[in-house]
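Colleague: Use the sequences and the hints to build the structure in full.
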Amino acid sequence: MKIIADAGRCIGAGQCVMAADSVFDQDPATGEVVLLVARVPADEVDAVLDAVSTCPTGALATAED
Amino acid sequence: MTTETTRESRPAGGPAHEPRPLPLARPCPFTPPAELTDLRGRQPLSRIANPDGTTGWLVTDYALARKVLSDPRFSARQELMSSPLTDRAFEPAMPGGFLFMDPPEHTRYRKLLTGQFTVRRMRRLEARVEEVTGRQLARLRAQGPGADLVEHFALPIPSLMICELLGVPYEDHEFFQSRAVAIFRLVQDPEEASAAYAGLRTYLLGLVRRRREEPADDILSDLVSGGGLTDDELIGMALLLLLAGHETTANMIAMGTFALLSHPGQSALLREDPSLIDGAVEELLRYLSIMHVGLLRAALEDVELAGHVIEKGDTVTVSVAAANRDPEKFGPSEDLDITRPATGHVAFGHGIHQCLGQQLARIEMRIGINGLLREFPGLRLDVPVSEVPVRKDMGVLGVHRLPVTW
Ligand code: HEM
Ligand code: HEM
Ligand code: SF4
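For the protein sequence lines, the chains are Y and H, in the order given.
Residue numbers for the first sequence, in our numbering: 566 to 630.
Residue numbers for the second sequence, in our numbering: 14 to 419.
The hints are simulated quantities; they were obtained by calculation from the structure and are not laboratory data.
Treat the numbers as computed from the prediction; the structure is a model and nothing was measured.
Accuracy of the hints is not assured; some may be wrong.
Claimed, not checked - Partial pick of chain H residues on the chain Y-facing surface, computed with a CB cut under 7 Å: (1) Thr99; (2) Ala102; (3) Gly128; (4) Ser238; (5) Leu242; (6) Thr243; (7) Gly357; (8) His363; (9) Ile365.
The beta-carbon is built from N, C-alpha and C at its ideal position, and this holds for glycine as well.
Modeller: Printed below as a string of structure tokens:
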């Protein structure tokens with residue numbers, strides 16, 4: 566599974582980093598979402614799905630590889 | 014600055030259902046009005062009568078709440094709205110007051126701040142929050158049993174942290190606290206509230222001018238040097254941070270402690286295993302939903318929603334308290350249960366305005382509440398539950414005082 570992040574919609578609330586901080590980070594200058602990995606590790610799949618559903622602006626989506 | 018010119022009262026949605034005012038009466042401090050629960054089951058989008066004579070809408074379920082709060086056809090511009098609480102017209106946002114703006118203005122201001130409030134940046138502040146909390150714990154103890162937890166603990170912590178971020182000198186903190194309290198008494202005393210605003214603005218103008226001369230290591234200095242902002246914009250942003258971050262967090266710490274002390278089983282769980290605190294904070298945010306009146310939006314065009322047409326100009330009140338107890342999302346959730354998965358709650362809002370300071374607020378609640386339980390193993394209320402003065406008259410749910418003993 567891979568993640569698609571639309572930094573243009575991101576408002577830097579950090580829900581994704583709270584859900585999975587080995588997958589998501591925020592740009593220190595702008596607060597916008599940054600992906601730390603290209604593929605979602607198997608043990609982070611649930612956390613990533615949580616991040617996708619709690620993101621307040623719908624900036625995150627997942628796709629099959 | 015005219016606000017209400019385009020609105021007039023509209024007949025209610027049918028003779029059989031004369032719209033009623035927003036339900037506000039709580040059966041007990043922790044329980045939202047029963048009418049809200051009832052509406053959520055029957056009619057999650059319903060009509061309410063606003064005091065200015067207009068008929069608005071009330072959202073009481075979780076899915077609809079998220080929909081409205083993330084739909085760009087609903088505006089956050091106050092001057093387009095009717096209040097469900099008072100017939101006074103709202104003013105347009107002050108410059109920099111981006112909570113009450115739509116894109117692109119909202120985006121421009123918020124982006125200048127998001128880098129300062131990232132999860133990682135806030136985690137680096139933890140040591141400072143620990144320090145401030147430690148000092149307040151000592152002050153609370155020094156007051157002796159019977160001390161007021163609000164005055165000596167819950168109010169100072171967020172006040173000190175936000176003043177520190179902004180670069181407000183410590184000796185001016187008391188001035189800020191008293192003004193913030195007055196502003197939240199808006200419904201009761203509009204004149205006192207606007208006098209308090211004026212006092213804060215004058216003070217902040219002085220601070221902004223000082224930072225233009227000699228920048229320091231704080232948010233205000235960053236904004237001064239980087240953003241190309243006017244004095245008025247800087248003051249507006251600083252005021253927004255102060256007012257949004259002060260009483261909210263203070264009330265969460267105080268109400269959160271009140272809720273835990275009233276649920277001895279829950280506080281015992283947390284005392285035994287302090288690592289439950291992350292979940293406990295989310296659950297307290299959900300259970301208390303201190304923005305108890307709800308979040309307001311105005312329709313910018315006709316919007317079809319849940320079988321109704323919300324007309325352009327109509328105000329929608331989104332009940333965060335009702336949404337956060339929606340069984341569709343949270344299961345049976347009238348009770349406080351700190352082990353419940355409560356993430357996804359809308360206590361910080363949803364959509365582009367979702368709380369900018371939420372990571373700071375979480376850290377303050379976590380360190381504050383665990384600190385209290387650790388340092389005061391015998392902590393309990395010093396008055397009967399029914400004598401705790403609950404703030405019913407203000408926009409943010411809380412307690413005026415919380416006398417505790419140990
Ligand atoms: C537990 C404490 C807090 C609660 C319950 C809370 C709640 C909220 C809510 C519900 C909103 C959205 C309002 C809307 O959509 O109409 C909001 C926005 C905001 N909050 Fe908080 N807040 C808290 C603490 C803080 C703190 C500590 C800060 C700052 C240091 C802060 C700064 C802001 C700002 C700047 C906004 C406006 C964001 C925007 O419009 O983009 N809040 N807060
Ligand atoms: C019609 C009246 C009332 C209703 C329907 C009602 C309902 C409720 C509900 C549903 C809970 C949640 C239980 C939980 O979270 O575990 C609760 C808790 C609580 N209520 Fe009320 N309440 C009422 C009156 C009052 C009054 C008058 C007070 C005192 C001022 C009060 C104080 C409390 C306290 C301290 C708790 C938490 C401790 C506990 O679970 O016993 N309630 N109430
Ligand atoms: S949760 Fe969404 S809005 Fe928040 S930082 Fe992550 S991507 Fe951005």
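Colleague: Now tell me, hint by hint, if it's right for this structure.
Modeller: Now for the hints, and whether the structure bears them out:
Interface restraint check: Thr99 (chain H) against chain Y, minimum CB-CB distance 28 Å, threshold 7 Å, status violated. A distance limit of 7 Å between C-beta atoms decides the matter here; for Ala102 (chain H) the minimum to chain Y is near 29 Å, and the interface restraint is violated. Against a cut-off of 7 Å between C-beta atoms, the interface hint on Gly128 (chain H) holds, since the closest Cβ of chain Y lies about 5 Å away. Residue-level restraint check for Ser238 (chain H) is violated (minimum Cβ-Cβ distance to chain Y is 14 Å; threshold 7 Å).
The beta carbon of Leu242 (chain H) is not positioned within 7 Å of any beta carbon in chain Y (closest approach about 17 Å), and the interface hint is therefore violated. Taking 7 Å as the C-beta contact cut-off toward chain Y, the hint placing Thr243 (chain H) at the interface is violated, the least distance being around 22 Å. Contact between Gly357 (chain H) and chain Y, as hinted, is supported at the beta carbon level, the nearest pair being about 5 Å apart and thus within 7 Å. For His363 (chain H), the shortest C-beta to C-beta distance to chain Y is roughly 5 Å, which falls under 7 Å, so the interface hint holds.
For Ile365 (chain H), the interface hint holds, the least distance from its beta-carbon to any beta-carbon of chain Y being 5 Å, beneath 7 Å.
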